[in-house]
Structures are given as C-alpha cells and as structure tokens.
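Student: Here are the chains, one letter per residue:
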Amino acid sequence: MDNDIILEFKNVTKRFPGVVALNDVSFKIQRGEIHGVCGENGAGKSTLMKILSGVYPHSTYEGSVIFNGEELKLGESAIQEAGDKGIAIVYQELTLVPTMSVGENVFLGREPVEYGSINWNQLYANTRGILEKYQLDVQPQMIVKNLGVGKMQMVEIAKALSEKAQVLILDEPTSALSETEIDKLMDILGILKNNGITCIYITHKLDELFRVTDKITVMRDGKEIITELTKNLTQEKLVKYMVGREMKERFPKATRSPSEVVFKVENLQALDPNETNRKVLNGVNFDVRKGEILGIAGLMGAGRTELVMTLFGEYGKIINGKILMGGQEIKPENARQAINAGLSLVPEDRKGMGLVLIQSILKNISLPNLDQFSGFFRIDADAELKASMAQSKSLTIKAPTLEVAVETLSGGNQQKVVISKWLLSKPKVLIMDDPTRGIDVGAKYEIYKLMNDLAESGVAIIMISSDLEEVLGMSDRIMVMCSGHSTATLPVTEATVERVMALATGMSS
Amino acid sequence: MGNSNQTTLKKTDFKSELLQVLRLNVQTYTILLALIGIWAIFFFTTDGTYLAPQNISNLFRQMSVTAFLAAGMVLVIVTGNIDLSVGKLAGFVSVVAAYLQATVWFKYLPDQPILSATLTVVISLGVGALFGALQGYIISYLNVPSFIVTLGGQWLLTGLILLVTQGKTIPANQPWFSDIAQGYVPITWGWIFGIVAIGFLFWNMFRSRQSKRKHGFELRSIYIDLLATGFLALVLLVYVYNVNSYKGIQNPVLLLALTAMIMIYLSNNTRFGRYSYAIGGNRDAARLSGISISGMVFKIFILMGFLSGVGGVVLASYVGYGTTAAGAGYELDAIASCILGGTSTLGGVGTIQGAMIGALIIASLSTGLQMMNVAPAWQYVLKAIVLVLAVLADVYFKRKG
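As they're listed, the protein sequences go chains A and B. Those letters in the first sequence? Residues 1 to 509, by our numbering. Those letters in the second sequence? Residues 1 to 401, by our numbering.
Note that these hints are calculated values from the structure, not bench results. Only true hints are included.
Where chain B lies over chain A, by a calculated footprint (3+ residues, C-beta under 8 Å):
| no. | region |
| --- | --- |
| 1 | 322 to 336 |
| 2 | 358 to 371 |
| 3 | 378 to 387 |
These numbers come from a predicted model, not from an experiment. Each residue gets a CB set at the ideal place from its N, CA and C atoms; glycine is no exception.
Could you put together the complete structure from these sequences and hints?
Tutor: Written as structure tokens, this is what we have:
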C-alpha cells in the first residue's frame, strides 16, 4: 500500500520568458492521501497544478508527470483530457455560472442527452447522487448566485468530482471562506479520503495543513525543497523551509528619521460590498509617521488590498473604527474625497485600475490633477505639460515623448507613470499596493530608491507587498495582517522572515 | 533641458516626417479619401451637377440635423453609452416648436415674430436638455443601462409626438423662425467669416508651435504644419466660393460649424472632455483618479439632449412644419456617422471632426443616389455596404498597425 504511487513528478521544469517558474521539481504522491503543497506567493505551486490540470500542455514543459504508471501526455485540448483521465481541479477563483442552478453547473458541458434534448430529471438525479455521496449540503435546483461562498465551493467540488475524479486538486480553497466554512471543508476532505480520492491541497495556511494533510511538499523559488510526512514536521520547521534563503543587497540604503504620526487607523471593521454579511476587515489598527515607510505583510486573502481600497473610499462599507489624518477624523466615501484629504493610491492592478492604457503618458499623469491646471473651463495645456514633464523627468520615465500611449511602455515605466500621476497630487500619505509586481529587477531598484527619496522628503508611505524580503528590506515598521485583522506591528529591527510568516499564517506563537 | 537639445539636434528629412504624420492619422485620411472617392464617383455619374453650387449647398444643409446629433453622440459613445432616443427627441422638439409657433404664439403673441421665434428656440432647447437630464439621471444615478433607458425614451417620445400633433401636420413657416434654417448668410459676410476662420487656423497653428517650443517639445517641420493648415484653409475657401456663387452660406451650416468647434474645444481642452475619454478608456482607473462617473454621464446626457434640441429647431425651421414622422431613424444616422468617423463602440476613442465627416459621407450618399434616381431599396443596400466596408477597412488597418 505504501508504494501505491498515483502521481509522480520527474524533473519538471517550466520556463516563461525571463523566468524559471519550476526548476527540476520531483516528488511522489500516494494513492488515497491528502497531500499538502505549500510555499510563499510565487513559489511555483500554481504553475505545478496548471501542468497537472492541462492548462500548460505536455509540450510546453520539460520533464515528465507519471499518472497511474503511465506518462501523462496532455495535448491540444488538454484541460478536457486531464478531466477525462480523472484529474480534477478546484480553482482559487470560482468558475461557476452564477445564474444557473447547481445541477446545471455540475454537469455544464456534459449534460445527459436523450434524443437531442437534455434529460433534466436525469441531470438533477445524478447531481443529487454526487452531493449525497460526499455529504455536500446543497440542493441541486438552487441557483448558484443565491448560495454563499462556502456552498459555492461545495458545488465546485461536486462539479470536479462528477468527472469520475481520482485526483482532486484544491488551489487555496479557503482564502474566501469563513471559519465555520473552513471547518466544513476540512470535514469534506476527510469524506473524500474515505471514498478513496487523492487530494492535493494547496495553501499557505499552516494550521490547515496540519489539520488535514498526511504529507507536505514545500516549494520555494520554483524548487521542491522537501516532501515529508506531516507528523514529522512542526510549524517552525515548515516556515523555515518556506522562507529559508539569504537576504541579498537588493535594497538601496536609506537614512530616515520619521517624525510625528500623520495617519492613523483605529479598529477598522468593514463589510464586503459584494457580500454584505461577510466582514472583510475585522479590527485593523496601525499608524504611519511623516517620512516613514510602513510595510503591510500578509498572505493572499488576508485583506490587504481590501484595506487600502476601503481607506480610499472605494471598497468596503465601514461599520466600525476610525480613520485619522493629522489627528482629524476623515470619512472618505469615494476616491475624490480621499485624494482631497491627502491620500494617494497606487493600485495593485496597474493596468486594470491605475492607467488608461490607450491614452498618452501626459493624459495619464494629469488625470487626477486637472483641477490644478484648470480655471473655470479651460485646461491650461502649458501648465499641464510643464508639471507632467517635470514629474516624468524626475522619475526618469523612458519614452520618446509624453504623447506615446502608456500601453506601449514596459511594466516598470508604466508603474512610474502611475506613481508620477499620484505624486503630482502632492499626497501626505502615499499608499502603494504591491508597487513592484511584475517589474524587472532594475526597475524595482529604481522604484525602491524613489520610495526612499519620497520618505526623506516627508511623505508617509504605506506599502503592501507579497514579497517578504521587500517588506523587510524597505520598511521602517511592518504591520502584519491575517484574515482581515492586523495581528501585530513590528519595528523592522525586531522582524524576521520567520516571525512575520508566523504572524501572517495565524500561527499561535 | 535635455529634451530641448534633442529637439534642435534632431533633423529628420521632410519626406519621412510627412509619412510619419500621415501614418499617425491614417484613420482620418482613410475616411477623407472615402469621401473624396464618393464625390468623384457621383461627379462623373451626374455629369458634374453633383458638385454644382446648388447641390453642395443642399448637401451641407441636409447633413446638418444628423450632424448636431452626431456631435453629442460622440461623447455618449466615448463614455461607453448609447442614445437611441435622439432622433425622436429632435422630432419631438420640432413638433413642440411648430406647435408653439402655429398655435400658442398665434394666440398670445400675435404679430411679434422676433419675440415668438426667440421664445420658441429657448423653450425648445430647454425641452431637449430637460429630457436629456431625465434619461441621464436614470442611467447614471439609478444604474439602468443607457440602451434600455433611451429605447424607452424613443417609444415615449413617439407617443408624445402623436399627442402634440394629434396626428396632423403643424406649420412652422412663420417669418424669422424659418430663417433659422432656411436663411443664408449674406455673401460679403460669408467671405468675412471664411477669412476670419482661416486667420484663426493659422494663428492657432503658430500659437501651438510657440507653446511647444517654450516647453522644449519636439516640433515637427513647419512645412508639414503649413501644409495641413493650408489644406484646411483651401477647403474652406473653395466651400465659401462654391456656395457664395449660389446663395451663400446657409445659416444652419454656420451654426453647425460653430457647434462643432465648441464641441471640439470641449472634448480636447476641458476637464469635461478629458474625463469623458478617461471614463471610456478605463472606468476603474478614472474612478480611482477621483472622477465621478455618475456626474459625468449625467452631464453628457444633458448635453446630448440640448444638441438634440438644436437639431429639432433646425429640423422644424428647415422643413417648415412638424409632423408625426419627424426625426424617425435619425439616431441611427447619427450613430453611423460617429462609427464612420472612427468612434470606437468599445469607448474611449472618437473625435467630433471624424463624426462630422461621417455625417457628410452619409448625406453625400443619400443625395447622390437620389440624384441618380436609384430606387430607395437599392439606396439602403448601397448605404449598408459602404458602412460595413468602411468599418471593415478600419479594423483591417488597425490590425496591420
């Protein structure tokens, strides 16, 4: 039984232009076990699963995947093929059609057909069969959009299982779930195991790994670090495996002397605008000083982006707590009010929310600042040009003229345009949500330098980053978030990767 | 100033620079070429009468109502909306104007043609703007899609037109009021307007060069600017000469030219214009930049209603009566004008200038085909082919980059 290997990765390497996402990964998964895969953001977990589920077909990677003793060679319509072979995946983002019923979703694309028309009774009977077998508490006829996230997840699992799955991959399934929903999911995993289904459970929440898994594989920087029986591991060991690398000289040196507190958040609680019975923020406390960089660390789904969008008046409905700017309470209800209060936000999704891609650099930089250049009616084009050129020059945006569309620029230069646009509004507090995401190393360094300069000139900077090294390298203090609340704020001198990771995973210390 | 050094050092030859400028505005030139092509074909098939002064005069007047609607429609489409009610709104305004003229003022303000015409215009424009505001409010603040709201608006207005007219035709041919769209600018004044406009074009060109130089921006060769401005000036002169050898510039065409200039200015040089394009280009980025999307969309629909009102007044004055069928189908001509002129249905892209040329193309086709006595059935078929071909060509060129 111990040697009944259902799945084996042999020297799998996956390259993207400029990045090696997976580097010679090899490990084995036994039939019937719950196998946890963990690692930091960007460690290569998701890439590995995409190979398994056919998103990246056989020809696009090196090495081999052995499934039930045979090499898995997925071709053109690979996702379908993987499903037919018995590999099913439940993605982090839900993939259901919200307006359809549970049954329709479970059998979408594989509806039982009789004489050219769908046999609805059969479909709903089959759905009920699957739901009952795995004790999933959902009614087949219910419309999906009326279900909570937890139940949607169950439908997602039922959909995956309806394909006669032998292996079920769950990719960070709990990031949007409440505590009770997570408990329920843990139970379901046990039921699946009893039914002989092998589960691969991807997460970075350590307590969940220790609750359900039999074995854990740790990944880091695209490499498999260790595969070990869960009972032989401890949380401390795991954290060490996840982060264990040396700090390099990636960050420019800075000498700063933060002065008085300019911005303060007290016990902030807010509701999810899309699902008003769920708290996205549940007790956030922090302050930031003039001339200081405050890093916000946390794992995916911890509520970091939701926090800053809420502060900017564009996300959650605040039900409790205070936001103070220079000692005075502010209640921004939209971006304009937040900007007027002295906040600026470099959003996480640069292309989707930061820039109007089809427009010129000039128009992008001046967009939130046109009031500065306008009289009652007319925009003073000279003043606009002058101010934008000055920004562009001080941030060394590389482009032939300010008239080129930002969509033609590199990621680093696009980010500089976003930063320029917000610096021109002369913020007291600059919020940067993952400012170096998807940017090459050289441009990152420039952005770090820029942040240091800004802080020295007296701007308070709040920086979110998924890169722990970046948080430790750039911040004066670090606020750690987990499940919508701030777990602690540490001076950088007291922060270590292990400690931050422990706080971010909600590990009891 | 590193940049200004670059400017003085950089010397590209005239020909390559010209090509570059042409490539940059390929869309505008494609549609201009299409217009010239259409005119050339009709010129030959009608033995030259197509471009005769009287016909040119008619052509421009015929495009004017659609063009007023198209001028507003550009911003509506640019922000990712649509307005299907503009044709009927212009129609409704035209019957309201006719009703005021023929019934109300006849009774309460007899023998006061100037005052009554002025009141008619003011009330008509108000009705247009008010209806636009109503639709805009439902669209922007109550979040009902513009397609649905304005489709409903179209039906509502059809009903209102029938209520006002009681199914009959109302005359609107009173003195002063009919001069609005039937009158001509005196020949001398026509020349003066033409020359002032040309002077403005050159002044504007030199001013913009000067401002660019001041900020060390790269200047293109002065010959290219002179060529472009000179071409526009020439077109203007030929037009004024042509229509002046008939009866002169028509009032509605002058009014349209002024409206178009104001709209061009509005869309390029004010926050209102900038915000519209930003909303269409990326709604979320615009919102996070502190722009009130609802407020902007509301204002744009008020403007659209106002311009429909202008179109309605011109319509009533030009045809001389208000009818139950007034304005039917004009909204589609206006939308087609925008699309022909390069406005993207995806939002964020489009110019007033382009839409004006688009409206001219549609009017040119209709007039030309009528002059050739083509059966109405085939007129529709040919118009359909031109519209789809033009957009197809645009898509093709864009993909080729």
